[in-house]
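Trainee: Going down the list, the protein sequences come from chains A and B. For reference, each letter of the first sequence is one residue, going 2 to 490 in the numbering used here. For reference, each letter of the second sequence is one residue, going 133 to 577 in the numbering used here.
Think of the hints as simulated: they come from the structure by calculation, not from any bench. Treat the hints with caution; some may be incorrect.
Restricting the straight-line Cα-Cα distance to at most 27 angstroms, the calculated cross-link-like pairs of lysine-lysine (DSS-like) are [stated by the list, open to error]:
(1) B:Lys136 / A:Lys88
(2) A:Lys9 / B:Lys435
(3) A:Lys435 / B:Lys195
(4) B:Lys435 / A:Lys98
Chain B is faced by these chain A residues, among others (derived, beta-carbon under 10 angstroms) [said to hold, decoys possible]:
(5) Thr73
(6) Arg235
(7) Glu239
(8) Asp387
Stretches of chain A that chain B covers, calculated by requiring three or more beta carbons in the stretch to come under 8 angstroms of a beta carbon on chain B [stated by the list, open to error]:
(9) 27-33
(10) 47-58
(11) 93-101
(12) 211-218
(13) 257-271
(14) 282-289
(15) 328-334
The structure displayed is predicted, hence computed values, not measured ones. The beta carbon of each residue, even a glycine, is placed where N, CA and C say it ideally should be.
Here is how the chains run, residue by residue.
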Amino acid sequence: MNNTYYGKLIFEISQPGRVGCSLPRNVFGNYSLDELPAALRRRSDTLLPEVDELSVVRHYTNMSNNNFGVDTGFYPLGSCTMKYNPKINDEMAADPKFTALHPSQPVETTQGALQLYDEVQRTLSEISGLHRFTLNPYAGAHGEMVGLMIIRTYHLRRGDAHRTKIIVPNSSHGTNPASAAVCGLQIVEVKSTEDGTVDVQDLIPLLDENLAGMMMTNPNTLGIFETQIPEIARLIHEAGGLMYYDGANLNPMLGVCRPGDMGFDVMHINIHKTFSTPHGGGGPGAGPVGVREDLAELLPNPQVCRLDDGTYSLCHHEKSIGYISRFLGNYGVLMRAYAYLLTMGREQIKRVGALSTLNANYIKESLKDCYELPIKGLCKHEFVFDGLKDKSTEVTTLDVAKRLLDYGYHAPTIYFPLLFHQSLMIEPTETESKSTLDAFIEVMRKIAEEAKTSPEIVKNAPHHTPVRRLDDVKAVREPKLTFKDLIES
Amino acid sequence: MAFKYLPHTEAEISDMLRTVGVATLDDLYAEVPDELKLKRDYDMPESKSELEVRRVFQQLGDKNKSLICFAGSGVYDHYTPSIIPTLVSRSEFLTSYTPYQAEVSQGTLQYIFEYQTMLADLTGLDYSNSSMYDGTTATTEAMFMALAVGKKKKRLLVASTLHPQTLRVLQTYAGFHGVNIELIAHKNGQTDFEDLQSRISEDVAAVFVQAVNYYGVIEDYAGFSDLCHAHKALFIVNCRPSTLSVVRSPGEWGADIAVGDAQSLGIPLGYGGPYIGFLCATKALVRKMPGRIVGATTDSEGKRAFVLTMQAREQHIRREKATSNICTNQGVMSLFVTIYMSLMGKQGLKEVNELSYAGAHYLCDALVKTGKFERVFSSPFLNEFCLRSTSDVTALQNHCLREGFHFGVRPETPGMEDCVTIAVTEKRTKEEIDKLVELIKNFQP
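Same shape as in the complex, but just chain B (with noise of 0.2 angstroms):
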């Protein structure tokens, strides 16, 4: 009987019912209706040895192909240091729970205190709670601080260039509140100012855009920021921390909530998760934030220590007034992009952008040279870069997949079906950009 999580002998079980007063382990449940109880065994496979465990997910992963990711949209193969793996896998901090008892939590405290510190520097805004499950989630949480500052107000306006798995979950939440999401036009790939100011009026909650967008784009948002808070709504940038070294903040473009996904710093691409997403705002919102917050404060003998704070905002206290229900954050996914910012710093973090701005370019301007391709969108680009293809693209992606190569996200937009959007980070070599063209050049449809 006995087992390797179930430390308890026969003779352990027989002394402990007799403490309690029962004869059976059946007998602690004998209030339990008869009629309910499973009478069975489990419908599944008799336990494993870890020999055995190892096999099966050998045999599984055997089934997955690893490809050289040219992929992005919203997901992007950056590198992740060694030590990160080897930090974040340390079990004080990998098997706690959420911070209530701060005495012997400081460890998991003081990196969301510094990740907190770091995310609001990054987006140019004053506060960061200590982050969210990913970045299509942590964008309806802003929504819901909009709806809160708006009071009655029931119209969202929204990018047309915000990434579709955003837009769709935000969706769904806005559906269960009778909210109004329109989309604001683009032009060139770049948000259309006079469209927004055609839509909008007093009735806006908030106005959403993706800064470096769908598409690649860096997008330009001269005047947004005024033409919003004119008609007394939030502006909301979605954006993606690792671009923000070297491209405008959402703060310095006078965004009111910066919100996304955290997981281009470093984050394994782990097929969609775990990630992490963020929320920023300025100070004049900290309270309408969901999640937790910590604080500095001190403790009894006046060392600098730090605790979960603000706690009124949140479900366990508000209940149904509360409004989020989130009751955690990210955990150990916000020490992951703490330690990986904190080694990349001020400069690494510049030169993966560079590195990947680089690689970007070069391959985009050699497809396009191959004949083949020509570029959708004339705006400047980062990483991303979006291509309309003079032949099939599932079947060109067919194509570079038997190489071992993922060329590539075909757009959702309709009338994007002859497009793709292309990724380079810094993990990618110039063999394998040059291979891949090679590749292309190859292809006959």
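Bound conformation, chain A alone (with noise of 0.2 angstroms):
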């Protein structure tokens, strides 16, 4: 990573009077902005850069030196299913038959565009065992809080304005209350046993005519599958609740078993985690919702239908939730990960889940010995260490994140799931050889050993990277949001 560029930002190498783009020439005539009325106009100037080609294009060359991907090096990011993302889905995306497409353009121009959406949603439906997809939620939050507003439209449309309880494993990720409250519903946890799976005896009191749903991912974040789930499934249906299926957990569940056979009604898709299009940095994602067959027409609009002719027209429909985008999503992210599913295809999506879950075990086995492992037994896709075995050194699992990054690794999920103190949470995906996770694991035990017998160096990590340790208290006391914050103090 380069250490010598880093740090200037973009206004600070501009220059008053430098151009970095050329535009036609005005041939309309004697056609002028200064024509509107002054009250309409602009009043102070911007504070845009002024920077030639080149230096816009090192400036973020070098910036992007600054940075780690997948394509850098492993990424075991637990719950994030960073695996990797192939080119040629981007290649795909980029194809100009598709971007130089106006959403508002009549679908008799749009019919391939409309073929696409179409196969998409109709493979996620195949592969979760679920009627019918939506593909326009932008991402796995915003799936999730469509999923849960059909359920609280389905309640709303039997008369049965009460039933506002959805209940969450208390291992459950961040967005499923903040989605939940977003909907006007309520959240209960139920508590976990032991082995970090749902405890049915604990939720079985807080079934009743309240109860909307219940919301799980299975694997659920400790990586364990949930084996009572039928169970579960039948008390939330007996208690007239749905049952909401995240998605983020997914990957491991490929070509094994599916959500709509498991007991799910409802459920999102991340696609950017289980079909391999890029994270971005945090975004952009996209995160279908898929529904069981009566829930179908709550889908959100517009959605995309084939006609009895095999031509694709956008529908409308009166008793659909309403609106939630403006229009068919993150559509090039869409392409990208119909790319993938035709690239896999039957034989190979079908052995993601399987190997997915070996790479996770093999780490989970090979470090068992110098980590602590809270939650023993097969783990699926992810699982999860409570910090190191040896607590005398005082080294907590982010010195461990920290010095992992100086040996070329992203760090795992630190502090997640809130159940341990010093969770480490480690998935690795199956698309890494043997020979990256062997790399790993000796690295992780490297770093263990160096908790012992050179603490201060683990403590005191990075001390590789582009910046060293970051002051995350000051960056809140006195935040500085702008490069204005900046030369004002």
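Two chains, two frames, some hints: make the complex.
Mentor: Put into structure tokens, the structure is as follows:
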């Protein structure tokens, strides 16, 4: 990584009078913005930078060198499924035959685009065992919210406005309760047992006439398969609730079992996890939502429908929950997912689950003598260590994570789930080879050793990154959120 | 068995299974109840080679038709400078996650900091978050901010010149909170101040307007912000950042929040996405903002560095008490528009507007001169305008379509079935515009 360039902002390389672009000549005659009334015009000039093209290119190229992606190295970030993002997917998504389409074009001119949407939708239905999908939600959290809106609307239409209780396990993702709140639902947590699965005895008293549904991942956040799922689904359904599947952990289920068959009624899929689209430093993702047959009419508008003559159209259903996005979601992301589905096909997609599970268990078994393993036994795609086994060194999970960066690995997810104090959550994904895992295991063992022999090195890590450990507290106490804040201080 | 994305050899699988202590891959799922297991292949096509994947896309692409775009309606066909696709596809950016490990994510964090600076500057407000999904959902997040500020207030006043797509999404979200949305009338395409005065009261949480509105009109908000603030309502301006180098900014109108879609900063039409929403606000509201925010700090050696900050607002800390469930930003799309703004700079963005303005006014005059149209609103416009047609709009659009032209969007507004909204950007040449006018002249209903 490039240390020397680090630090300059684009505003600091700006020089008054430089330009970075050239535009066509104005050949339209005497039309000028000066005709606009002064009251409607901007008063103060913008502070946008003035930089030549090469300097812009270098600036962002060098900036990228201060970043770590899946293409840089192993990225075992738990619950994030940082698998390889195939390059052909990006190339296909950049095809001008698709990218030049305006969303308001007549459907006769977008048949290929609509067909692609429909085929992705159908394939996700087959893989998940749910009747129909919308691909409009923009992200996992957005899909989750849409799924909960569907559950809320289902109860409202049945005259059950009082059903506002959503049960989530206490190991659930933070977005679960936040999404529920956005839909006007209330969250109640159910306890986990010693082995990290839902405590069915604790669940039963929570089931009453106010139940709207239950949200779960399966396998759960600890990477443990909830074997009681048929019983849980039966209890929830008998109490009048719906089962919601948070697709964050769908990857290990590929080729093994389907959420629809487990008894789930509504789910979302994180396309950027299970279906290999790039995370992009935070986005854009996609969060398709699938539902069982009798809920399909509630899916958001617009919907893509295949007509009897084999052509495709956009439909707007009256019974839908309404509109939750401008148009058909992050369409370019769906194109990438389609390329992935075509490439994997039925022979390869079914192998994903077992190989991701094999990789996770292999790391777990290879490191459990030096890292604390709170939940024993087989995990699925991910598992959680509760810090180093030897607690006497006072080296924390944060220190281990930062030391990993020195060795050229991204850190696992840390301090989540909240069930343990020193959570270190590892998800290798199926696209990593045994060689990569072996090298990672060796480094993890080395760090455990360093924690005993030279703990200061670990506690002060990272040493070899573009910047050293950051002062988070200062960032909150003296917020500097723009360049203007920086020059004024 | 070996596959390009699945690197395990048979020998390695055996080795690894031995380490794990099971005999077969199936044994890894021994605890899964048998009746839940899928005992067949998925019903989907066989695996395809790269060449075959290309062919599928080519065939599907051939079923689409690219048109010369005179449509806008919230999505604008601006030019994408060639360095942008090259830079945003750098995999160090593209294949990274949300920048939790700041020491190896300075690239992402720094461009977000630049993005926040540029958006705050353009909108004339103090702060921007790190971006949102799109303009419609960003507007709903502004609503949640207003509801959080206004505690028990349950009324929103929304300009009838707001894009109906934005309004519909707002209505969906509002419906789950018992929030009542009322429309403010417009006069000549301009939100009616008197109607706003007659409707506003202390129970209004926010007033929403759209600065360059659904019909292309540049609105005048003299007095709006004072009226809102006198009733303790937030003044929220939906706007298009690319226009803000020339038209008066939300901050200059006294807005509390500016939201909208930043697609017009060079992002391709892309059949609706991915685009990027933005949300900017005054300093007083910064701790009510949704989404990620990046701040500057120092590292242990005193060097300036960037980090996700003020996370106490967010869902992974506050869980159900968070005002928003947003846990990402629009990532590389924020990089996309940041590079666009860096490259276009102070001058270039003005030129884009100057050219779009000139092309749009040239076309508008030429169309009116055909005698087949009249302007619906006489108010000033930038690069999009609304005409009433003497002939059937759909027939006219189909006529243009046969020659490869996408002739505008028919407004969804009831009573405007005979109207069309037309947009021009710097990408439209004089030849294209002249040809369009010629086509329309020749149209026989």
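Trainee: Are there three or more residues in the stretch 27-33 of chain A whose C-beta lies within less than 8 angstroms of some C-beta in chain B?
Mentor: Held - the stretch 27-33 of chain A has 6 residues with a Cβ nearer than 8 angstroms to chain B, which meets the minimum of three.
Trainee: Take the stretch 93-101 of chain A, compare each residue's beta carbon with every beta carbon of chain B, and decide whether three or more fall closer than 8 angstroms.
Mentor: Coverage by chain B holds for the stretch 93-101 of chain A (8 residues, Cβ < 8 angstroms).
Trainee: Does the stretch 47-58 of chain A contain three or more residues whose Cβ lies closer than 8 angstroms to a Cβ of chain B?
Mentor: With 9 residues closer than 8 angstroms to chain B, the stretch 47-58 of chain A meets the three-residue bar; holds.
Trainee: Would the stated hint for A:Arg235 survive a check requiring a Cβ distance to chain B of less than 10 angstroms?
Mentor: Violated - the Cβ of A:Arg235 stays beyond 10 angstroms from chain B, reaching only about 13 angstroms at its closest.
Trainee: Quick one: see if chain B covers the stretch 211-218 of chain A, three-plus residues with Cβ-Cβ under 8 angstroms.
Mentor: violated (count 0)
Trainee: Is it true that the CA of B:Lys435 sits at most 27 angstroms from the CA of A:Lys98?
Mentor: Distance ~46 angstroms between B:Lys435 and A:Lys98 Cα, so the pair is violated.
Trainee: Would you settle whether the hint for A:Asp387 is holds or violated, based on the nearest Cβ-Cβ distance to chain B being less than 10 angstroms?
Mentor: Since chain B brings no Cβ nearer than about 19 angstroms to A:Asp387, farther than 10 angstroms, the hint is violated.
Trainee: With the threshold set at 27 angstroms, check whether the alpha-carbon distance from A:Lys435 to B:Lys195 stays at or below it.
Mentor: violated (43 angstroms)
Trainee: Hinted pair, alpha-carbon criterion (27 angstroms max): A:Lys9, B:Lys435. Please report holds or violated.
Mentor: holds (11 angstroms)
Trainee: So, as I understand it, the hint says A:Thr73 touches chain B; can you test that by seeing if any CB pair is closer than 10 angstroms?
Mentor: Status holds, d = 6 angstroms.
Trainee: Does A:Glu239 hold up as a contact with chain B if the rule is Cβ-Cβ below 10 angstroms?
Mentor: violated (19 angstroms)
Trainee: In terms of beta carbon proximity below 8 angstroms, does the stretch 328-334 of chain A have 3 or more residues touching chain B?
Mentor: holds (count 7)
Hints 3, 4, 6, 7, 8 and 12, counting from the list given before, are not met by this structure.
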